[in-house]
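Add chain Z to chain V, keeping to what the hints say.
There are 2 protein chains.
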Amino acid sequence: MSEKRGNATYVLENPPSIITSACVGGKTEQQGPMHDYFDKTFQDDYCGMETYEQAESYMQKIAIEMALDKLRLKSEDIDFMFGGDLLNQCTGTTFGVRDLNIPFFGIYGACSTMAEGLQLSSLMADNNVGSKILAVTSSHFCTAERQYRFPLDYGGQRTPTSQWTATASGALVVSPVGNGPYVRAVTIGRIVDMGVSDANNMGAAMAPAAAETISDFFKDTSLSPDSFDYVVTGDLGLVGSRIVCDLLCREGIDIRENHKDCGMMIYDLEEQDVHAGGSGCGCAASMLCGYFVPKLRASQIKNILFVATGALMSPTVNQQGESIPSIAHAVWISSEKETKI
Amino acid sequence: MSEKRGNATYVLENPPSIITSACVGGKTEQQGPMHDYFDKTFQDDYCGMETYEQAESYMQKIAIEMALDKLRLKSEDIDFMFGGDLLNQCTGTTFGVRDLNIPFFGIYGACSTMAEGLQLSSLMADNNVGSKILAVTSSHFCTAERQYRFPLDYGGQRTPTSQWTATASGALVVSPVGNGPYVRAVTIGRIVDMGVSDANNMGAAMAPAAAETISDFFKDTSLSPDSFDYVVTGDLGLVGSRIVCDLLCREGIDIRENHKDCGMMIYDLEEQDVHAGGSGCGCAASMLCGYFVPKLRASQIKNILFVATGALMSPTVNQQGESIPSIAHAVWISSEKETKI
Chain V
1 MSEKRGNATY
11 VLENPPSIIT
21 SACVGGKTEQ
31 QGPMHDYFDK
41 TFQDDYCGME
51 TYEQAESYMQ
61 KIAIEMALDK
71 LRLKSEDIDF
81 MFGGDLLNQC
91 TGTTFGVRDL
101 NIPFFGIYGA
111 CSTMAEGLQL
121 SSLMADNNVG
131 SKILAVTSSH
141 FCTAERQYRF
151 PLDYGGQRTP
161 TSQWTATASG
171 ALVVSPVGNG
181 PYVRAVTIGR
191 IVDMGVSDAN
201 NMGAAMAPAA
211 AETISDFFKD
221 TSLSPDSFDY
231 VVTGDLGLVG
241 SRIVCDLLCR
251 EGIDIRENHK
261 DCGMMIYDLE
271 EQDVHAGGSG
281 CGCAASMLCG
291 YFVPKLRASQ
301 IKNILFVATG
311 ALMSPTVNQQ
321 GESIPSIAHA
331 VWISSEKETK
341 I
Chain Z
1001 MSEKRGNATY
1011 VLENPPSIIT
1021 SACVGGKTEQ
1031 QGPMHDYFDK
1041 TFQDDYCGME
1051 TYEQAESYMQ
1061 KIAIEMALDK
1071 LRLKSEDIDF
1081 MFGGDLLNQC
1091 TGTTFGVRDL
1101 NIPFFGIYGA
1111 CSTMAEGLQL
1121 SSLMADNNVG
1131 SKILAVTSSH
1141 FCTAERQYRF
1151 PLDYGGQRTP
1161 TSQWTATASG
1171 ALVVSPVGNG
1181 PYVRAVTIGR
1191 IVDMGVSDAN
1201 NMGAAMAPAA
1211 AETISDFFKD
1221 TSLSPDSFDY
1231 VVTGDLGLVG
1241 SRIVCDLLCR
1251 EGIDIRENHK
1261 DCGMMIYDLE
1271 EQDVHAGGSG
1281 CGCAASMLCG
1291 YFVPKLRASQ
1301 IKNILFVATG
1311 ALMSPTVNQQ
1321 GESIPSIAHA
1331 VWISSEKETK
1341 I
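Chains as they are written, first to last, in my numbering: chain V, 1 to 341; chain Z, 1001 to 1341.
So that you can see chain V by itself, here it is in the shape it has in the complex (with noise of 0.2 Å):
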């Protein structure tokens, strides 16, 4: 049974572990600083399919046997499995997965989506709901764009607050039984909206919902930062990093040391044409599966507080004016699977 500390955190009694990870990225990935942490990096933004969209759902594909192929697991070895994306209805995760056969719930928590599994599958695994259970999410720069902005056709210039949204997907196994690394406790988000309208300033929409989460998360289980290798959120990039440290210290939490934002890692912001930094589902996933899960399990890490935040817009009320509502779901995930820090 999960113990429950304040309004949203959970203590897992029977820490499941991440038992394997794999992720994939496009071209630009493959040029940034973190290439050599893909499992499998793209020449070509299409990856061999006909259309942007089919690329995305291949890309979770791929992500998904190379994560179950290192373990020699097959489809039916998953007793059930959380995905979803960005793309209008998900497509990207219903058609990647649809040859699979397993088990889907389908989720939707934009760029949070990783964390979001990540919390549902070792709920259900801390009471050993199911063995072995899926987490998949992706995003695509070329989907993305045409969907939430425009089609790269057009050619619009980008603002400096922007953020790239990552070619990439990230897929990961949870297990009741396994050698680590663990999940040790989960910080369920709640919808934060300050206000922010603009589509190109997402890191600034997203940043409260992470700083309330981590607050929540460190009340909650009394635990302070220092204890954390790092604080990670997800892909508040240039602008949301600043505010969402500024937004902590204002509580007394100070995470600047120890603070790394997926976004900012993913890329070479000085070197590479992406703004603010990178941003989508695939951002975050590919640096937890490809970077942080494999250090963890190597204890060159101890312990990572995961926080993957969404900004929860979409065009069509964005246009009648609405304000980007966004979340952020909090995950500790530790080296270690008792000892208390």
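Everything labelled a hint here was simulated from the structure, so no lab data went into it. Don't be surprised by glycine CBs; every beta carbon is placed ideally from N, CA and C. It cannot be assumed that every hint is accurate.
For each label pair, taking beta carbons as the anchor points, the in silico distance ranges come out as [as the list claims (entries may be wrong)]:
(1) V:153 / Z:1071: 27 to 33 Å
(2) V:194 / Z:1338: 44 to 50 Å
(3) Z:1131 / V:319: 17 to 23 Å
(4) V:72 / Z:1030: 54 to 60 Å
(5) V:340 / Z:1227: 48 to 54 Å
(6) V:321 / Z:1011: 46 to 52 Å
(7) V:321 / Z:1153: 19 to 25 Å
Here are the simulated DSS-like cross-link-like pairs (lysine-lysine), alpha carbons at most 30 Å apart as the crow flies [said to hold, decoys possible]:
(8) V:337 / Z:1004
(9) Z:1219 / V:74
(10) Z:1260 / Z:1004
(11) Z:1004 / V:74
(12) V:70 / Z:1004
(13) V:4 / Z:1004
(14) Z:1074 / V:4
(15) Z:1074 / V:219
Quick look at which bits of chain V chain Z covers, simulated, 3 or more residues with Cβ under 8 Å [as the list claims (entries may be wrong)]:
(16) 185-195
(17) 291-297
Leaving out everything else, chain Z in the frame of chain V:
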């Protein structure tokens, strides 16, 4: 702990209760045969708002508030919630629940959303993760038409196989403690795609998914349709209902005597101009929350298998020539907690 049977069925050991539920509908729903079962109906499809999208969000808010009011619950009594809808990026839900401040998991299962939310809520409650968990969904004829097919102003002709997206919302709360009706078992659906690509014939696309999940449930539990008052499909409509009964008959499972389809219940197919029947997340959700749950609570009926079906299509990929993958999730709901059937 929930006990796994077969590939995707979980029998709940401590069957949680649906402790409250409510549903709201629009004008066409008010004019239909089920008007008395709605807690509230709106004469105006704008529900007093400025846009149809705002109206859909408002319906979700009202459905949740009415469900909570019945037990004098407040939003802070809810541990967390599952919600989603048909709109791009699930904004019907996001904006509907934004002010409630409830820890939030976004889900996407198209018209299967209420069954997905009920399954996840019930699996959590069965394992005492959360003492009160809310599930909500909605759909709106006008938001769905303009997003999936044509804006209403276009005045397009509807085909005979097309269905009428219900303007409705349903909300319910699940708890480990209560007097029923009880969630006894769930069968998680898999994505099924038989190649149907006509967005005006979703019943035909979804029927094979419903047949597979219903067949899985009866095989996994060794129960038979005779033991159920009703096998309730979500929104297969006239076309899909015939197909699901035929497909199951071929497998030796005869549900013809006790099959009900929410899409055929919610409207008068002869008197109302709804072609093949109702559809949309709100269709199955309102019939579950307004009709079946109260009847189960009053022991007027004893057992139903609730099988909401979702067409996981998107105009973007549909226009690229893709078919319509579908999914169906099944939930056994009983007026009794333990009696074997």
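Do the hints match the structure? See the list:
1. V:153 / Z:1071: 27 to 33 Å: violated, 54 Å
2. V:194 / Z:1338: 44 to 50 Å: The hint (44 to 50 Å, Cβ to Cβ) holds, given that residue 194 (chain V) and residue 1338 (chain Z) are roughly 49 Å apart.
3. Z:1131 / V:319: 17 to 23 Å: Because 40 Å falls outside the window, the suggested range is violated.
4. V:72 / Z:1030: 54 to 60 Å: holds, 57 Å
5. V:340 / Z:1227: 48 to 54 Å: Distance hint for residue 340 (chain V), residue 1227 (chain Z) holds at roughly 50 Å.
6. V:321 / Z:1011: 46 to 52 Å: holds, 48 Å
7. V:321 / Z:1153: 19 to 25 Å: With Cβ atoms ~20 Å apart, the hint holds.
8. V:337 / Z:1004: holds, 26 Å
9. Z:1219 / V:74: Roughly 23 Å separates the two Cα atoms, so the pair holds.
10. Z:1260 / Z:1004: With a Cα-Cα distance of about 27 Å, the restraint between residue 1260 (chain Z) and residue 1004 (chain Z) holds, given a limit of 30 Å.
11. Z:1004 / V:74: Roughly 19 Å separates the two Cα atoms, so the pair holds.
12. V:70 / Z:1004: Given that 30 Å is the threshold and the Cα spacing comes to 26 Å, the pair holds.
13. V:4 / Z:1004: Holds, at roughly 25 Å.
14. Z:1074 / V:4: holds, 19 Å
15. Z:1074 / V:219: Status holds; Cα separation ~23 Å.
16. 185-195: Contact hint for the stretch 185-195 of chain V vs chain Z: holds, 5 residues under 8 Å.
17. 291-297: violated (count 0)
Violated hints, in rising order: 1, 3, 17; the structure is consistent with all others.
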